[in-house]
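Colleague: The lines below spell out each chain.
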Amino acid sequence: MKIPADLKYTKDHEWVRIDGDIATVGITDFAQGELGDIVYVEVETVDETMDKDEVFGSVEAVKTVSDLFLPLSGEIIEFNEGLEDEPEKVNTDPYGDGWMVKIKISDASEIDSLLGDVDYKALIGA
Amino acid sequence: MKNTALTMTHEALGAKMAPFAGYKMPISYEGVTVEHETVRNGLGVFDVSHMGEFLIEGPNALDLIQKVTSNDASKLTIGKAQYSCLPNETGGIVDDLIVYRVKEETYLLVVNASNIQKDWDHISKYNETIHAGMKDISENYSLLAIQGPKAVEAMQALTSVDLAEIKFYNFVVADFAGIEHVIISATGYTGSGGFEIYCKNTEVKQVWDKVMEAGADFGIKPIGLAARDTLRLEMGYCLYGNDITDETSPLEAGLGWITKFTKDFVNSEALAKEKERGPSRKLVGFALDDRGIPRQGYDIVDGHGKTIGIVTSGTMSPSLGKGIGLGYVPTVFSEVGSKIKIQIRKNAIPATVVKLPFYKG
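The listed protein sequences derive, respectively, from chains A and B. The letter at position 22 of the first sequence is residue 22 when you use full-length UniProt numbering, and the numbering goes up by one with no holes. The letter at position 88 of the second sequence is residue 88 when you use full-length UniProt numbering, and the numbering goes up by one with no holes.
What the hints contain is simulated information worked out from the structure, not anything from laboratory work. Accuracy of the hints is not assured; some may be wrong.
In the DSBU-like style, the derived pairs of lysine-lysine whose C-alpha atoms are separated by at most 30 Å in a straight line are [claimed, not checked]: (1) K346(B) <-> K104(A); (2) K322(B) <-> K16(B); (3) K121(A) <-> K273(B); (4) K221(B) <-> K89(A); (5) K16(B) <-> K75(B); (6) K24(B) <-> K2(B); (7) K322(B) <-> K2(B); (8) K67(B) <-> K205(B); (9) K89(A) <-> K16(B); (10) K67(B) <-> K273(B); (11) K24(B) <-> K210(B); (12) K89(A) <-> K104(A); (13) K16(B) <-> K11(A); (14) K24(B) <-> K2(A); (15) K102(A) <-> K346(B); (16) K118(B) <-> K103(B); (17) K2(A) <-> K221(B); (18) K89(A) <-> K102(A); (19) K135(B) <-> K103(B); (20) K80(B) <-> K125(B); (21) K121(A) <-> K16(B); (22) K167(B) <-> K135(B); (23) K118(B) <-> K16(B); (24) K200(B) <-> K80(B); (25) K52(A) <-> K104(A); (26) K16(B) <-> K2(A); (27) K52(A) <-> K346(B); (28) K346(B) <-> K11(A); (29) K322(B) <-> K102(A); (30) K273(B) <-> K355(B); (31) K167(B) <-> K103(B); (32) K205(B) <-> K2(B); (33) K205(B) <-> K167(B); (34) K24(B) <-> K11(A); (35) K80(B) <-> K210(B); (36) K125(B) <-> K200(B); (37) K167(B) <-> K89(A); (38) K275(B) <-> K67(B); (39) K89(A) <-> K346(B).
Quick caveat, the model's predicted, so the values are computed rather than measured.
Construct the complete structure from the given sequences, taking the supplied hints into account.
Modeller: Spelled out as structure tokens, the structure:
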């Protein structure tokens, strides 16, 4: 199971890549494995400004559905349109083409509350 | 948590395991979609050894079975099997099951794993006055389902009987995979044809290995319970605990075809009256008109947003590529073509009542 060291994580099994004031968000390799075959990713909150931990979308897998929680407060500026046609990218490339949204971070101090790779590994017992 | 005789085999294959009805069972190996398509187009093997098996024996065996089941078991000749259910005394269903006539006075009942104790107690209650022989052999017997259009061709090398000659819902007791006296039954829960194999726990590892070996050239794969569920749901087969329960009647669940009023059985009088006046709600199959996946427990609503029923099973259909489900609606909404809506979180997604099965091969 891949848990890249250069990313931040949440206890809800999302990963966050920080690039200046932009955060790219997806779900972890562990999360995609637990969900199984992903059928689509629903995000209807583009252009909305939301608080950390609010539900910004959902992931529908064949067997189950899971909410997506915003890891950092901010404006959702982009949804990965590539997932419309190829939602399976979340299974095959969760940290790459399987990314879900980009957020314009409104409070950089929240970044400190995210988990590092070591803590995330401990959380999932990897 | 109990293991089947093959739990270690599944773990060695890298299966995702989870508790199901008190057993540690394989949920998926490679992914539900791939496994589903393998069964639809090729060949797959399931370990469903968690299922329960009771033997009902002796001169009073048929009397007991006729009393507790809804279908007419007097129609069974040796070598035939029958889908049936155990009605309860209050209008619902204790369990659904398959009844096999193995010998003149020996029947095998195959029941759901989660209901073994409940079924045993229920049947025993009626046996107090009928006195048939009853044996719970669930802990000693294993069950493999070998399913898919290539099953006959791939498995023929493992037995001396002509597999193509075993008709749907018929079975033979014969040699299979080097083991004598195995039940080879042309039944299944997938709609893609194939066999179910009953053998002893001590024999099942050999059977599994030979099945995998004989199936190798046909692309056989092990299949988990996740794909078992999507396969059965595409056929509109009921799942006990979801679509049929202690509170659903066989008539509203669309099981009128296994409810035979030509004989007396548990609660048959009340069910006959229900049949006469017509059930007030019915289990229907529906397909979503727009994107979305129905799930068990979601509300079914009408055009005004009023709740009219509940989804009992739902999934993304791998074969049809859309959301499908089963659910109870008032009889007025149960006609094929009726428009309903499924409340998926904040959105009411339009859906149409369709004829079952969803998947037509």
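Colleague: Confirm or reject each hint.
Modeller: Quick rundown of the hints versus the structure:
no.: 1; hint: K346(B) <-> K104(A); in the structure: holds, 26 Å
no.: 2; hint: K322(B) <-> K16(B); in the structure: holds, 25 Å
no.: 3; hint: K121(A) <-> K273(B); in the structure: violated, 61 Å
no.: 4; hint: K221(B) <-> K89(A); in the structure: holds, 24 Å
no.: 5; hint: K16(B) <-> K75(B); in the structure: violated, 42 Å
no.: 6; hint: K24(B) <-> K2(B); in the structure: holds, 6 Å
no.: 7; hint: K322(B) <-> K2(B); in the structure: violated, 36 Å
no.: 8; hint: K67(B) <-> K205(B); in the structure: violated, 37 Å
no.: 9; hint: K89(A) <-> K16(B); in the structure: holds, 20 Å
no.: 10; hint: K67(B) <-> K273(B); in the structure: holds, 18 Å
no.: 11; hint: K24(B) <-> K210(B); in the structure: holds, 23 Å
no.: 12; hint: K89(A) <-> K104(A); in the structure: holds, 23 Å
no.: 13; hint: K16(B) <-> K11(A); in the structure: holds, 22 Å
no.: 14; hint: K24(B) <-> K2(A); in the structure: holds, 26 Å
no.: 15; hint: K102(A) <-> K346(B); in the structure: holds, 23 Å
no.: 16; hint: K118(B) <-> K103(B); in the structure: holds, 26 Å
no.: 17; hint: K2(A) <-> K221(B); in the structure: holds, 26 Å
no.: 18; hint: K89(A) <-> K102(A); in the structure: holds, 17 Å
no.: 19; hint: K135(B) <-> K103(B); in the structure: holds, 15 Å
no.: 20; hint: K80(B) <-> K125(B); in the structure: holds, 26 Å
no.: 21; hint: K121(A) <-> K16(B); in the structure: holds, 19 Å
no.: 22; hint: K167(B) <-> K135(B); in the structure: holds, 28 Å
no.: 23; hint: K118(B) <-> K16(B); in the structure: holds, 29 Å
no.: 24; hint: K200(B) <-> K80(B); in the structure: holds, 21 Å
no.: 25; hint: K52(A) <-> K104(A); in the structure: holds, 12 Å
no.: 26; hint: K16(B) <-> K2(A); in the structure: holds, 18 Å
no.: 27; hint: K52(A) <-> K346(B); in the structure: holds, 20 Å
no.: 28; hint: K346(B) <-> K11(A); in the structure: holds, 25 Å
no.: 29; hint: K322(B) <-> K102(A); in the structure: holds, 28 Å
no.: 30; hint: K273(B) <-> K355(B); in the structure: holds, 26 Å
no.: 31; hint: K167(B) <-> K103(B); in the structure: holds, 18 Å
no.: 32; hint: K205(B) <-> K2(B); in the structure: holds, 17 Å
no.: 33; hint: K205(B) <-> K167(B); in the structure: holds, 27 Å
no.: 34; hint: K24(B) <-> K11(A); in the structure: holds, 27 Å
no.: 35; hint: K80(B) <-> K210(B); in the structure: holds, 26 Å
no.: 36; hint: K125(B) <-> K200(B); in the structure: holds, 28 Å
no.: 37; hint: K167(B) <-> K89(A); in the structure: violated, 43 Å
no.: 38; hint: K275(B) <-> K67(B); in the structure: holds, 19 Å
no.: 39; hint: K89(A) <-> K346(B); in the structure: holds, 26 Å
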